[in-house]
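Enquirer: Those sequence lines, one after another, are chains A and B.
To convert, take the position in the first sequence, counting from 1, and add 126; that gives the working numbering.
Here the working numbering is used: position 68 in the second sequence is 55, and no number is missing along the way.
Hints listed in this document are in silico derivations from the structure and should not be mistaken for laboratory results.
Where hints are given, some of them may not hold.
[What the hints assert, rightly or not] Among chain A residues calculated to face chain B with C-beta under 7 Å, some are: (1) Val150; (2) Gly154; (3) Val160; (4) Gly163; (5) Gly193; (6) Ala302; (7) Phe327.
All figures in this text were calculated on a predicted structure; none of them were measured in a lab.
Note that beta-carbon positions come from the ideal geometry of N, C-alpha and C, so glycine has one too.
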Amino acid sequence: MAHIHLGEGSFPLWALALWTALGVVLVGFVVDRVRRGGIETRQIALAGIGGAASFAVFQLNVPVWGGVHMNLTALVGILAGPLLGTLIALVVNVFSAALGHGAVGLLGANTLVNASEAIVAYYAFRALLRLDWDAFPASASAATLGLFVGSVLMGAIIVVSGVNGSALPRADLTVAVAGLVGLNLGVAVVEGVLTGFVVQFLASVRPDLVGLGSRRESEESAGVTA
Amino acid sequence: MDRWKQYVWFLGLVVVSLAAGLWGFSATGGALPWAKRSARTLQEGVREGGGAVVDFGRGVVVAGPIRNGGTMAEFVGLVVAFAVVGVGLYVYVDRYRGLDDERAARRP
């Protein structure tokens, strides 16, 4: 659920320029990779549905840990891959900022944070599957790990940038940010378990959607024939 | 890897994450919505607080900036539009799922 919830003008100008530039480089790299390598059609479908679900969930506060929202970015990364996961992170942040949820100036920083969740979750999930893990523990652990990395990156961006108007010395700001990152970890595990259930369900009904086998195999094993 | 070892690893992750979450929850003001907690903590530093970790009485609510900013209609419209496009893409891809195989077969 990592997301920098600060208003416009909270970061100094150099920090905005830095994070925006890094965000542009990441998105540019992803678009180039998509143009060169193409996208599997199953990923397009998952990206569309994942983007819709992520945007909707992004705006809903759930009554745990005082009121937090989830992102589903790890789930989107696992299902749609790191490239489309990054693009979905950008799209969700753009539309959220357009509605007032997140500052427009922080689009670069927030895209970096959410894209890192999708990318890390995807590669962690693939690595755990190669180690012969089951779908649920692999996806739940990968999602939690991805969200943990996103939270740490969020904290690092805030500490490196500093916050305009905050009188806290950098050391105190670091401790304060560590508290926010810690809370994010508590949310990450809830979102991780939710992601695990969704991936486990998909793995049982459409394993091809999560890269665990072909659709034909799953239909034949379920007794469905053309 | 043995299934029980997978779940032991995962349970370890859960325990560590929940412990970090509980520490962060109390160190950053207790039962506060995220935006308020974030703004206050970054301005004033860590400040102990308590309250219920789970508060079902609060219910699931739309984020404050949207709820209070008068953009609920736009939010609902966007969710519906995204859902329609997403389901449309799924149906399209499901119907033409042989496209990847045909393309691959046509490649020299």
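Enquirer: Decide, hint by hint, whether the structure agrees.
Expert: The hints, checked one at a time:
Checking valine 150 of chain A against chain B by beta carbon gives a least distance of about 24 Å; that is not within 7 Å, so the hint is violated. Annotation: glycine 154 of chain A was flagged as interfacial toward chain B, and the flag is violated, the nearest CB pair being 24 Å apart, outside 7 Å. Taking 7 Å as the C-beta cut-off, the interface hint given for valine 160 of chain A is violated, the closest approach to chain B being about 15 Å. Proximity of glycine 163 of chain A to chain B is violated relative to the hint, the smallest CB-CB distance being about 13 Å (cut-off 7 Å).
Because the beta carbon of glycine 193 of chain A sits about 4 Å from the nearest beta carbon in chain B, less than 7 Å, this interface hint is met. Of the supplied interface hints, the one on alanine 302 of chain A holds, with its beta-carbon coming within about 5 Å of a beta-carbon of chain B, less than 7 Å. Interface hint status for phenylalanine 327 of chain A: violated, as the beta-carbon distance to the closest one in chain B is roughly 16 Å, over 7 Å.
Hint check: violations occur at hints 1, 2, 3, 4 and 7; the rest are consistent with the structure.
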